[in-house]
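Peer 1: Residue strings, one per chain:
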Amino acid sequence: MTMTAPHPVAALEAAAPVQPSRLSMLARYLRRNVSLSVGLFMLLMLVAFTVIGYIVIDPRHAYPMAAIPRQPPSAQYLLGTDFFGRDLHAALVVGMWQTAAIGLLAGGIGTIIGIVLGFTSAYFGGWTDTGIRSVCQILTPIPVLLIQIVIAGSLDKRYVTVMTMAWIIVLLAWMWPTLVIRAQVLTMKERQFVAVAKLSGVSDFGIIFKEILPNLLPFIAAAFVGQVFAAVFASFYLAVLGLGPLREPLLGNIIWSAQSQGAFFNGWWWWPIAPTVAMILILGSLALINMGLDELANPRVRKTE
Amino acid sequence: MAKLILQRLAFLLLVIWSASTIIFFVPRMSSRNAIRERFAELARTGGFAPADLEAIISSMEQQFGLDRPLIEQYWVYLGNILRMDFGYSLSRYPATVTDLIVQALPWTIGLLIVTTILAFLIGNFLGAIAAWPRAPRWARGMATPFVLLTGVPPVIMGVLLLFFVGFRLKLLPLGGAYSIGTVPSLTWEFALDMLRHQVLPAMALVLGSVGGWVLSMRGMGITIQGEDYVTFAEHKGLTPGRIFRDYYLRNTLLPQMTAFALALGTIVTSAIVVEAIFSLPGIGTALNNAIRANDFPVIYGIVLFITIAVATIMVAMEFVYPLLDPRIKPQT
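Taken in sequence, the protein lines are chains B and H. Counting in the working numbering, the first sequence runs from 1 upward without gaps. Counting in the working numbering, the second sequence runs from 1 upward without gaps.
In short, the hints are calculated from the structure, not lab data. Just so you know, not all the hints are guaranteed correct.
With beta-carbon atoms standing in for the labels, derived distance ranges [said to hold, decoys possible]:
#1 Gly219(H) with Ser260(B): 24 to 34 Å
#2 Thr164(B) with Glu54(H): 25 to 35 Å
#3 Gly131(B) with Met84(H): 30 to 40 Å
#4 Arg31(B) with Asp325(H): 39 to 49 Å
#5 Trp167(B) with Arg245(H): 47 to 57 Å
Just so you have them, the derived chain B footprint on chain H, three or more residues with Cβ under 8 Å [what the hints assert, rightly or not]:
#6 73-81
#7 87-98
#8 104-114
#9 145-153
#10 156-167
#11 193-201
#12 276-288
A quick note: this is a predicted structure, and the numbers were derived from the prediction, not measured. Heads up, the beta-carbon is just placed ideally off N, CA and C, and yes, glycines get one too.
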């Protein structure tokens with residue numbers, strides 16, 4: 001993720017007498033924002049694991065009957081193999097890749113819908129605003145995961161793929177970014193530079209895209225990471241309940257099948273532990289990045305230490 | 001006040017109506033036919049001659065009213081929801097969905113009440129201490145391990161606890177309602193055995209949610225310290241204990257309760273998934289079994305029931321706020 005000209009960097013750049021390079025400014029900012037840099041580092045490591053894994057490993061080993069079943073971790077199978085004969089190392093590589101795909105797709109689409117609805121709602125106001133806001137408010141008390149369970153449960157298992165999972169999550173994942181972006185646009189709309197632009201005869205779309213949108217980029221980045229986090233979380237929960245594409249080695253699926261086969265009762269501890277550790281790292285890195293972006297977007301939320 | 005109650009009641013009905021409508025139409029848009037799948041499976045396993053399959057299916061569809069026009073089915077469905085009638089379970093016929101929910105509910109409510117209250121109290125207390133400048137260093141540091149666990153969902157915590165406490169140390173059982181081979185009875189041994197099975201899931205839920213409360217409480221505590229009324233109270237010579245209790249905790253109670261109402265949906269869903277992973281008796285395991293058995297009425301019934309419960313509590317919480325903070329008047 002490259003942050004193009006975030007505000008604090010731009011401000012520092014203007015103040016510095018001798019202009020250091022962009023890269024070193026970024027490095028200096030990352031040193032101050034510890035959670036952002038640690039989170040980004042963890043994410044890079046996970047990406048490296050997946051990318052290198054895809055080069056080193058045969059993805060077919062992530063599917064049943066590719067290895068000797070029920071082997072503890074060894075030199076040949078780094079993370080062991082499961083009851084169905086998947087190589088868990090290969091399964092993690094493929095599973096992380098699929099988790100990333102679901103997260104980025106569902107998070108990205110959710111954020112885009114949120115931007116469109118949030119801007120429409122806040123900028124044009126009136127009935128559109130009332131309508132969009134009411135729908136968001138009515139849907140908010142409904143536990144999203146439960147509705148996703150209904151949708152995922154009604155689908156024919158044979159047709160459920162990683163892409164289907166992403167779409168199921170998108171269907172109910174746009175309310176939060178809509179409300180967040182709507183609130184930000186509302187405050188931005190009253191600023192003087194928008195009034196000046198309006199008086200100079202800039203069109204509505206010009207104001208939205210040239211005046212307001214660039215100022216909201218840090219918020220949008222934070223909302224996007226939040227959405228990716230929520231999407232990864234939702235797909236994980238659905239898979240843990242056995243509603244994922246059952247053949248795919250999604251991390252939640254691995255835990256579901258391990259629990260179904262009584263992995264701990266039978267002493268195959270490595271089977272559920274491998275995806276668990278992977279999930280902690282993924283969610284942890286996203287949470288840290290989110291905290292760091294909050295600080296970037298909202299300098300008033302200073303560290304409370 | 002009466003107007004406000006009516007207004008919120010209308011909102012609640014709107015929420016329940018939206019949820020029921022989604023749950024009614026989504027399965028009907030899919031190509032799956034629950035009854036056909038169920039009986040096709042029975043026919044495969046040799047319950048009856050496959051030739052009778054079509055006759056059985058059409059008679060069942062007639063019985064459940066599935067042959068009538070969609071809009072008529074929808075009205076009947078809405079009426080049933082109002083009477084909390086969610087239909088029959090397919091896999092455990094003639095048990096109704098309501099029967100299954102009533103059986104499972106006490107377990108889930110017990111687990112939820114204990115863990116939620118524990119997490120809320122521990123989290124808020126540790127968070128308040130972490131922000132309290134007069135607290136000794138060791139007391140302030142107690143919150144840190146919980147904060148580090150904030151991003152870890154309770155299910156993941158459950159698997160880790162199963163591994164370390166259940167599998168490695170063999171201190172607590174690995175899942176289920178009670179030990180295999182024991183017969184449910186009203187004895188102390190059995191009650192103790194059941195409690196032992198509840199410890200790990202409860203720990204998973206508490207550990208997974210304490211951190212969130214710590215973070216929000218500490219943030220608010222730090223803000224309050226800068227307030228003039230706290231400085232004034234200190235100069236008046238009030239004891240630190242009094243300031244902590246009446247100036248500090250009292251002022252954070254309302255925002256924390258609001259946060260609690262908003263988190264309720266997440267709390268309930270986490271408990272459901274944790275129950276499913278530990279195969280504890282309760283709504284989560286009932287849902288998990290229904291998903292495995294393709295028992296659609298049970299899935300939809302449980303989802304709708306929880307949605308109604310969560311939405312109702314969230315709306316009801318709004319009427320608690322004026323009791324916590326007399327400055328808030330119910331707004332119409």
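Peer 1: All the hints need checking, so say for each whether the structure fits it.
Peer 2: Structure-based check of all given hints:
{"no.": "1", "hint": "Gly219(H) with Ser260(B): 24 to 34 Å", "result": "violated, 41 Å"}
{"no.": "2", "hint": "Thr164(B) with Glu54(H): 25 to 35 Å", "result": "holds, 30 Å"}
{"no.": "3", "hint": "Gly131(B) with Met84(H): 30 to 40 Å", "result": "holds, 31 Å"}
{"no.": "4", "hint": "Arg31(B) with Asp325(H): 39 to 49 Å", "result": "holds, 42 Å"}
{"no.": "5", "hint": "Trp167(B) with Arg245(H): 47 to 57 Å", "result": "holds, 51 Å"}
{"no.": "6", "hint": "73-81", "result": "violated (count 0)"}
{"no.": "7", "hint": "87-98", "result": "violated (count 0)"}
{"no.": "8", "hint": "104-114", "result": "violated (count 0)"}
{"no.": "9", "hint": "145-153", "result": "holds (count 4)"}
{"no.": "10", "hint": "156-167", "result": "holds (count 7)"}
{"no.": "11", "hint": "193-201", "result": "violated (count 0)"}
{"no.": "12", "hint": "276-288", "result": "holds (count 5)"}
Violated hints, in rising order: 1, 6, 7, 8, 11; the structure is consistent with all others.
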